[in-house]
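Participant: Below are the chains, spelled out letter by letter.
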Amino acid sequence: MEQVYVKLELIGFRIGRRLAERFAPPNRRLTDTLDIVKFVCKDIWMVMFNRQIDNLKTNHRGIYVLQDNKFKWFLRMSGNNGGAAAARRAQPYIWLPCGIIRGVLDSFGVNTVVIAETLGLPQCTFQIKVVNDA
Amino acid sequence: MSSTYYFAIVGTNDSPLYETELGVQRDESKYLNQFIVHAALDLVDDAQFMSTACYLKTVDRYNDWNVSAYVTPSNIRLMLLHEAKADDAIRLFFTDCHELYLKTLLNPFYEPNTPIQSQAFDVKVNTLAKKYLF
Amino acid sequence: MEKQYKAIGEEAWKNNAEKINAELFIFTYGSLVVQLVKDYENYSAVNKQLDKMGYNIGVRMVDDMMARTSLERCTGFSATAEVIAKVGFKLFLNVIPTVANWSADAKEFSLILDDNPLNDFCELPPKAVADGLRYSNVLCGVIRGALEMMQMQTEVEYVRDVLCGDDVSEIRVKLLRMLDEEVPASDD
Numbered sequence: 002m003e004q005v006y007v008k009l010e011l012i013g014f015r016i017g018r019r020l021a022e023r024f025a026p027p028n029r030r031l032t033d034t035l036d037i038v039k040f041v042c043k044d045i046w047m048v049m050f051n052r053q054i055d056n057l058k059t060n061h062r063g064i065y066v067l068q069d070n071k072f073k074w075f076l077r078m079s080g081n082n083g084g085a086a087a088a089r090r091a092q093p094y095i096w097l098p099c100g101i102i103r104g105v106l107d108s109f110g111v112n113t114v115v116i117a118e119t120l121g122l123p124q125c126t127f128q129i130k131v132v133n134d135a
Numbered sequence: 266m267s268s269t270y271y272f273a274i275v276g277t278n279d280s281p282l283y284e285t286e287l288g289v290q291r292d293e294s295k296y297l298n299q300f301i302v303h304a305a306l307d308l309v310d311d312a313q314f315m316s317t318a319c320y321l322k323t324v325d326r327y328n329d330w331n332v333s334a335y336v337t338p339s340n341i342r343l344m345l346l347h348e349a350k351a352d353d354a355i356r357l358f359f360t361d362c363h364e365l366y367l368k369t370l371l372n373p374f375y376e377p378n379t380p381i382q383s384q385a386f387d388v389k390v391n392t393l394a395k396k397y398l399f
Numbered sequence: 006m007e008k009q010y011k012a013i014g015e016e017a018w019k020n021n022a023e024k025i026n027a028e029l030f031i032f033t034y035g036s037l038v039v040q041l042v043k044d045y046e047n048y049s050a051v052n053k054q055l056d057k058m059g060y061n062i063g064v065r066m067v068d069d070m071m072a073r074t075s076l077e078r079c080t081g082f083s084a085t086a087e088v089i090a091k092v093g094f095k096l097f098l099n100v101i102p103t104v105a106n107w108s109a110d111a112k113e114f115s116l117i118l119d120d121n122p123l124n125d126f127c128e129l130p131p132k133a134v135a136d137g138l139r140y141s142n143v144l145c146g147v148i149r150g151a152l153e154m155m156q157m158q159t160e161v162e163y164v165r166d167v168l169c170g171d172d173v174s175e176i177r178v179k180l181l182r183m184l185d186e187e188v189p190a191s192d193d
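Protein chains in written order, with the working numbering: chain X, 2 to 135; chain S, 266 to 399; chain E, 6 to 193.
Next up, chain X with everything else stripped away, as it sits in the complex:
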C-alpha cells in the first residue's frame, strides 16, 4: 500500500508540474504563495473536476486547508459497512490529487507536503503545509 501511495503521488506530481506551466496565467508570474494556492483552488480544480474548491482556510503561517464538499471521484462511491470503512477504501483515490497539488506548487518554487482526508464521502479535505517559504 505504501508503494502504491508513493507511485500515485509521483504520477500526480508529474501531472501537476505540467498543469502548472500549461494553465498558469499568461504574461504574469505568481509570486505570493496564497495566490498560488488560489490558482490551485480555482483554475487547477476547474481543469480537473470542473468545479472550484468550496472553502480555503489558512493560518497565514504556511498551512492551507482546501475543502471540497463534493469531491468528484467520491460521488459514485458508497460503502456497505458504513462511512468509516468506505472512507478508508476511498483513500487511494486522493493520493493522485495530493501529488498534483504538490507538483503545481513545486513548479512555482514552493516546497510542500500535501495530505488529504475525508470525514465522510463525498467530502474531502486537503492540507498543504509549506516546508520552506521562499
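In short, the hints are calculated from the structure, not lab data. None of these values were measured; they are calculated from a predicted model. Among these hints, one or two may not hold up.
Derived, one-sided and incomplete: chain X residues facing chain S with beta-carbon distance under 10 angstroms [to be verified]: (1) ALA21; (2) PRO26; (3) ARG30; (4) LEU31.
Ideal placement from N, C-alpha and C gives every residue a C-beta, glycine not left out.
Dock chains S and E against the given chain X, drawing on the hints supplied.
Facilitator: Frame of chain X; chains S and E shown alone:
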C-alpha cells in the same frame, strides 16, 4: 544587417538547459557568453521582485552586449545576449520560445530542469530567431 | 449500416459522454507510462503492463458503452469492427480510426489511427523507439478486453506506430475464436 546573438535557457537551479549562438560567430568563446549570462542571473532575480511580468526587458549590460531576460511561470529563465536594442522583437522571440519550451515540458519523457536535447527544438529556435531577430 | 454506427457514435459523444479536460487526460496517461518505464526498466514489460491495464478497462467499458448508446449486439465481425471504430473510439477518445486491411478469411482487420490524443506532446527517447515501446498499447488491451466480454477471443497489437517513425499508426485485430456463451461468469 548582420548581428550576433547568444540564447540560453536556465533552469531553476541556475544550470543551463539549452544554449545556442545565433548569427555570426564572434571571437569571444562561448564561455564568455555563459559567464555574462550567469552574472546577469542575480540581476534577473532583482528585476523579478520589481515586476510580475514575464518579460523583464534588458536587465544587464556588458561591453557592447545587452542582456534581456524572460521568466516563465515556473521560474525558468530565458536569456538573450544582443547588441542592438529591439524590445518588441525580442519579446515576441521570447514568447514563442516559451511556447516551444512548454511543448518540450509537456512531453512526458522530458524531466523538468534537465538539458533539452531534442534536435527539433534546436531547429525551431533557429527558425524563430530568423523570424524575429534578423 | 456504417452511417448508422457513425450517427450512434456522434449522438452518444454529444449527449451521453461525460467530458474531461483533454490535457489532464493526456498528462495523466503520459505520467503513468513514464512511471511504468521507471518501475520495469524494460520496454516490453511496459507494453505488457499497458495491455493488461487496458484489458481491465476494456471489460468494464463495454457495459458503459452499451448504457450510453442504443446499440444492439453485433451480428458479425465486420459490424464489430465498425462499432469499435465509430462508436467505441468516438465515445471515449473522440476520434474515428479507419477500418482497413481485412484478411481474406475476414477474421483480421486493422484500425488506422490518423489521430490519437494519447500521443499528443509525446516524443519517445531513442532507446524507447529502438526497444519497441508501444506508448499507446493500452488501446490494444482495451479492445481485447471489450471483445472478450462480447465472447470474442482476440489478439490485438500495434503493427505500426507514428511515435516510432512509421507514417501511420496501425492496430491489428485478429479473431481467434468465439467463446461459448455459457462460460463467462458475468452473464446475467
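Participant: Name the hints, by number, that the structure is in violation of.
Facilitator: none
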